[in-house]
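Enquirer: Kindly produce the complete structure, drawing on both the sequences and the hints.
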Amino acid sequence: MLHLTRRQILERTAAIAGIAILGGTLGSARRAAAATEITAVEWGGGVVDAMKQIESKQEKVQVNWVLHQGGSGAILPKIKATWPNAEYDYVAGWEGSFTGMLKEDWLVPVTVDTVPNLADIPEKIIVKSAKGEWMAVPRAVGGIYFAYREDISPIKLKSIDDLFDPSLKGKICWPGPTQSMMLQIVALALHAGGDENNMDPGWALMKKLAETGNIGRIAVTDTDFTTSLTSGETALGFYSEPQLTSVAQSFPLVRLTKQEGLPTFLYQSGFAVFKNRPNLEATLQFINHCISPEMSTIYAEIAGEAPLNVKAKTPDALKHLAFTPEEFDKYVYVPDFNVVLTQQDAWTKRWENEIAPLL
Amino acid sequence: MKPGRGSLLLLSPAGAVFLGFFFLPMAGLFIESFRIYVPGSIGSKADAPFTLANYGELLTPSFAGFFFETLRISLLASLVGLLFAFPLAYWITRSLAARWQPIVIGLFVTLMFLSVLVRTYALELTFGAVGPLRPLLVEIGISPNSRGYIETLVIAGLLHYIVPMATLTLLGTIQNVDPRLFDAAQALGAPRWKAHLGVTLPLCMRGLLAAFLFAFTFSISAFVIPMILGKGRVLFISNLIYTRFSEIANYPSGAAISIVLFVVAIAIVYGMSHLVNKRWKT
Amino acid sequence: MSGRLVDNVLRLVGLVAIGTIICFLLTPIVVTAIMAFDSRGYLGPLPPPSLSLRWFQRFFSDDYFLRGLGVSAQLALLSVTISVCVGVATAFAVERMSFAGKEALISLFLSPLVVPPVVTGFALLLFLSHLGIIDGFTRLLCGHIIITAPYTIRATLTGLAGIDRSLTEAALILGATERKAFWDVTFPLARTSIVSGAIFAFAVSMDDVAVSIMLTDAKTYTLPVALISSMRANFDLSIAAASVMLMTLTAILILILEKSVSLNRVIGQGVFRS
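Residue numbers (the working numbering), protein chains in the order written: chain A, 74 to 432; chain B, 151 to 432; chain C, 76 to 349.
Take the hints with a grain of salt, since some may be wrong.
Said to hold, decoys possible - Label pairs and their in silico Cβ distance ranges:
#: 1; chain 1: A; residue 1: GLU367; chain 2: B; residue 2: PHE218; range: 53 to 61 Å
#: 2; chain 1: B; residue 1: MET422; chain 2: C; residue 2: LEU249; range: 35 to 43 Å
#: 3; chain 1: A; residue 1: SER129; chain 2: C; residue 2: ILE209; range: 25 to 33 Å
#: 4; chain 1: B; residue 1: LEU425; chain 2: A; residue 2: LYS281; range: 43 to 51 Å
#: 5; chain 1: B; residue 1: GLY206; chain 2: A; residue 2: LYS130; range: 52 to 60 Å
#: 6; chain 1: A; residue 1: THR387; chain 2: B; residue 2: LEU225; range: 53 to 61 Å
#: 7; chain 1: C; residue 1: ASP137; chain 2: A; residue 2: ASP186; range: 33 to 41 Å
#: 8; chain 1: B; residue 1: ALA203; chain 2: A; residue 2: GLU223; range: 41 to 49 Å
#: 9; chain 1: A; residue 1: PRO325; chain 2: C; residue 2: ARG133; range: 23 to 31 Å
Said to hold, decoys possible - List time: in silico DSSO-like cross-link candidates among lysine-lysine, alpha-carbon distance up to 30 Å:
#: 10; chain 1: A; residue 1: LYS384; chain 2: A; residue 2: LYS403
#: 11; chain 1: B; residue 1: LYS195; chain 2: A; residue 2: LYS422
#: 12; chain 1: A; residue 1: LYS392; chain 2: A; residue 2: LYS130
#: 13; chain 1: B; residue 1: LYS195; chain 2: A; residue 2: LYS204
#: 14; chain 1: A; residue 1: LYS176; chain 2: A; residue 2: LYS204
#: 15; chain 1: A; residue 1: LYS133; chain 2: C; residue 2: LYS294
#: 16; chain 1: A; residue 1: LYS201; chain 2: B; residue 2: LYS195
#: 17; chain 1: A; residue 1: LYS348; chain 2: A; residue 2: LYS130
#: 18; chain 1: B; residue 1: LYS428; chain 2: C; residue 2: LYS177
#: 19; chain 1: A; residue 1: LYS392; chain 2: A; residue 2: LYS403
#: 20; chain 1: A; residue 1: LYS403; chain 2: A; residue 2: LYS386
#: 21; chain 1: A; residue 1: LYS392; chain 2: A; residue 2: LYS201
#: 22; chain 1: A; residue 1: LYS242; chain 2: A; residue 2: LYS281
#: 23; chain 1: A; residue 1: LYS403; chain 2: A; residue 2: LYS231
#: 24; chain 1: A; residue 1: LYS242; chain 2: A; residue 2: LYS231
#: 25; chain 1: A; residue 1: LYS348; chain 2: C; residue 2: LYS294
#: 26; chain 1: C; residue 1: LYS294; chain 2: A; residue 2: LYS125
#: 27; chain 1: B; residue 1: LYS195; chain 2: A; residue 2: LYS176
#: 28; chain 1: A; residue 1: LYS386; chain 2: A; residue 2: LYS197
#: 29; chain 1: A; residue 1: LYS348; chain 2: B; residue 2: LYS195
#: 30; chain 1: A; residue 1: LYS348; chain 2: A; residue 2: LYS125
#: 31; chain 1: C; residue 1: LYS294; chain 2: A; residue 2: LYS130
#: 32; chain 1: A; residue 1: LYS231; chain 2: A; residue 2: LYS281
#: 33; chain 1: A; residue 1: LYS176; chain 2: C; residue 2: LYS294
Please keep in mind that the hints were generated in silico from the structure rather than gathered at the bench.
The model shown is predicted, which means the values in this text are computed figures rather than measured ones.
Virtual Cβ for every residue (Gly too), placed ideally from N, Cα, C.
Expert: In structure tokens, the structure reads:
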């Protein structure tokens with residue numbers, strides 16, 4: 074046994090700690106010298122894994138991956154605070170964040186000339202500016218819909234009325250105000266004869282639902298929902314694709330995308346390209362590569378969102394998101410997103426004032 | 151004794167730090183709270199005139215309700231926390247053998263490095279709706295889904311922070327209380343509990359106040375604990391603020407709520423300090 | 076006689092309460108350890124069907140987490156050092172005063188504690204950007220200093236408050252200078268509290284998420300932020316593994332301190348050793 078003096082012990086501990094700290098800060102892979110480097114913000118988990126694979130299949134661009142930290146809205150104040158200095162070449166987002174970035178005039182318009190593969194993306198879904206310019210590049214589509222865990226749900230959900238079933242006490246996981254663009258209230262409104270322009274019937278129904286005591290948890294962040302369902306705390310809910318896929322990976326989840334009486338909404342996931350950055354061309358080239366048919370398929374398989382490129386293959390696991398035109402008309406509701414997104418603040422306040430106290 | 155030059159010199163680093171990293175930023179937030187938010191955009195409109203609308207929106211019974219909830223639960227958690235922490239600190243300082251003291255203290259210190267997110271989920275898994283306690287709760291007739299139970303769980307989550315920190319704070323206080331005073335009270339015929347009430351407690355008052363204020367301020371600004379254990383149904387003010395700083399991007403409204411919380415909380419902290427220090431002059 | 080009875084009953088109640096609270100405090104540690112070895116890829120009800128080391132492997136194999144750890148450690152050390160210096164100086168200066176505004180001043184110094192961290196971070200982001208400070212590490216340092224300083228100030232104030240003024244006065248009467256009286260009499264007596272303040276500050280800095288999220292930039296981020304970012308759909312149990320490792324490290328450090336320097340000397344025993 075070594076006989077260490079107190080001083081030696083302290084010195085060695087400090088040395089090891091120092092090495093650990095330094096190792097942490099210096100340890101990172103060497104970058105290939107030839108490629109242009111861009112900085113991109115993506116979601117963690119399956120999405121960034123998919124994007125890294127897509128990156129590895131080309132050599133012109135090397136990406137410094139920055140992850141969204143706690144929802145797509147967390148990065149917005151940081152961008153606004155440093156504007157017009159921009160730190161990111163593109164930020165992955167959805168309708169919820171694109172419109173804001175658009176209003177702030179941060180984005181570079183995209184065209185079929187600069188991003189050729191856009192020709193294969195359905196034009197209707199592309200976010201446009203007031204002047205009709207295309208402002209974001211969609212890559213995949215995901216759903217926001219009702220689902221239930223077959224193994225623990227007391228009932229087989231078939232319509233909005235079923236939500237009021239007394240056997241569902243505490244079993245529903247309902248999205249919070251910032252989570253699903255309040256489309257859950259739109260769904261209730263549709264059932265009660267209204268829509269996103271006439272939301273009062275929806276709010277009335279929401280009040281009734283809150284009073285039944287069937288809502289177990291209001292999911293305030295993405296993982297809230299997943300954890301609530303995987304732990305068995307709740308058995309059914311309304312949420313978006315990545316979380317539902319996560320639950321479906323481990324449990325028998327019935328995804329009600331094609332159920333009459335329960336509307337399905339779709340959101341796009343895509344790229345918002347920023348102004349004031351030195352490597353615009355390289356960024357656009359990379360994005361074009363990402364939405365090619367092959368890369369879209371890879372993305373769909375790993376990230377779990379259906380590809381938008383009409384030439385790409387939709388994996389079997391995402392069959393629930395493949396609609397024939399008739400199915401689309403019957404089951405999918407496409408709200409006026411302009412209305413939905415500008416009403417977010419007002420609807421959130423209404424939620425806080427009228428619904429939250431009832432829970 | 152008025153502050154001399156030496157004192158002012160000593161205060162200057164703190165002055166610089168607090169001014170630069172806190173008060174000026176808060177002033178900026180104060181200004182932000184008067185700006186106009188255009189729905190759909192991010193944050194406030196740059197050159198628009200000022201408005202009181204963000205504060206006006208808060209004059210609703212529901213908002214007052216949220217405030218009241220936050221304060222009520224925080225107060226409860228703080229008092230219960232102190233109720234546990236004081237005997238614990240006393241026991242560690244006076245009754246525990248010197249051999250064990252470092253171990254127990256070390257345990258508390260280690261506990262502090264347990265991430266708040268994991269800790270809260272651990273509590274949810276153990277005591278929540280799907281925990282091993284569920285059958286027992288249902289037997290007794292408590293629904294783990296009821297609002298009362300959720301509130302209790304939030305308080306338990308807060309306690310998990312409050313008790314260790316208050317205990318460690320009170321250790322120093324109790325250490326510096328002369329045990330002979332307690333012995334003297336007993337020698338004069340008082341039973342232990344009366345001796346404690348009359349001698350030990352008053353001497354520890356300032357430490358108790360510090361521990362209480364720590365617990366209270368921690369609770370009212372808590373975010374993760376009410377978010378997870380509150381199941382989105384028990385909402386603290388910080389949860390409301392977070393909603394406005396995240397995808398809704400209504401920064402002016404978030405700023406307004408923050409300022410209101412700040413003013414109310416500071417008033418309470420100052421009020422309590424003043425009251426206690428007046429009553430128990432050491 | 077009834078005084079004795081009340082005493083014994085209260086003593087029993089007290090011991091039961093202490094036992095309960097200690098069990099309650101230990102439970103999440105045990106549960107976290109179980110979660111860290113959970114083989115499932117999601118957060119499920121206890122007990123886990125099988126155990127695995129996957130989360131630890133994931134933590135060490137991902138460069139992303141390790142870089143965050145490095146930044147967190149540097150940030151914590153730096154901000155705590157500054158906080159402790161600021162805290163001790165401030166507490167000492169304030170304690171000596173007895174002018175009317177003293178309580179108001181103390182409330183002011185503790186005010187960052189009443190503000191939710193997300194607000195502090197946001198306000199600081201706006202302000203620093205106005206000043207043109209956009210470097211991530213600098214911003215994070217400012218944020219961590221301001222959230223740790225109230226803890227060091229408060230802890231030191233508590234410690235100083237309990238010290239009998241006559242002890243310092245005695246030293247002064249016996250011929251010590253102000254400075255010598257501080258370092259030889261006041262400081263050792265307050266040491267428990269100063270050390271506990273430093274420990275709080277370190278724990279707060281290492282665990283902080285809300286402030287750090289607002290202040291990170293493209294190149295610099297802390298470990299808790301990195302762990303949160305990896306959770307988009309799924310609760311990533313790497314955070315449990317990271318917590319277990321951090322706690323183990325802390326426990327080992329404490330053990331080393333105890334064996335080499337004796338914890339009681341570091342933490343201090345106050346004036347009245349029992």
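Enquirer: Work down the list of hints and note, for each, if the structure agrees.
Expert: Hints, verified against the model:
no. : hint                            : verdict
1   : GLU367/A - PHE218/B: 53 to 61 Å : 58 Å, holds
2   : MET422/B - LEU249/C: 35 to 43 Å : 38 Å, holds
3   : SER129/A - ILE209/C: 25 to 33 Å : 31 Å, holds
4   : LEU425/B - LYS281/A: 43 to 51 Å : 46 Å, holds
5   : GLY206/B - LYS130/A: 52 to 60 Å : 55 Å, holds
6   : THR387/A - LEU225/B: 53 to 61 Å : 55 Å, holds
7   : ASP137/C - ASP186/A: 33 to 41 Å : 39 Å, holds
8   : ALA203/B - GLU223/A: 41 to 49 Å : 48 Å, holds
9   : PRO325/A - ARG133/C: 23 to 31 Å : 27 Å, holds
10  : LYS384/A - LYS403/A             : 24 Å, holds
11  : LYS195/B - LYS422/A             : 20 Å, holds
12  : LYS392/A - LYS130/A             : 26 Å, holds
13  : LYS195/B - LYS204/A             : 21 Å, holds
14  : LYS176/A - LYS204/A             : 12 Å, holds
15  : LYS133/A - LYS294/C             : 21 Å, holds
16  : LYS201/A - LYS195/B             : 22 Å, holds
17  : LYS348/A - LYS130/A             : 26 Å, holds
18  : LYS428/B - LYS177/C             : 13 Å, holds
19  : LYS392/A - LYS403/A             : 16 Å, holds
20  : LYS403/A - LYS386/A             : 23 Å, holds
21  : LYS392/A - LYS201/A             : 28 Å, holds
22  : LYS242/A - LYS281/A             : 13 Å, holds
23  : LYS403/A - LYS231/A             : 15 Å, holds
24  : LYS242/A - LYS231/A             : 17 Å, holds
25  : LYS348/A - LYS294/C             : 20 Å, holds
26  : LYS294/C - LYS125/A             : 18 Å, holds
27  : LYS195/B - LYS176/A             : 11 Å, holds
28  : LYS386/A - LYS197/A             : 20 Å, holds
29  : LYS348/A - LYS195/B             : 20 Å, holds
30  : LYS348/A - LYS125/A             : 24 Å, holds
31  : LYS294/C - LYS130/A             : 24 Å, holds
32  : LYS231/A - LYS281/A             : 18 Å, holds
33  : LYS176/A - LYS294/C             : 27 Å, holds
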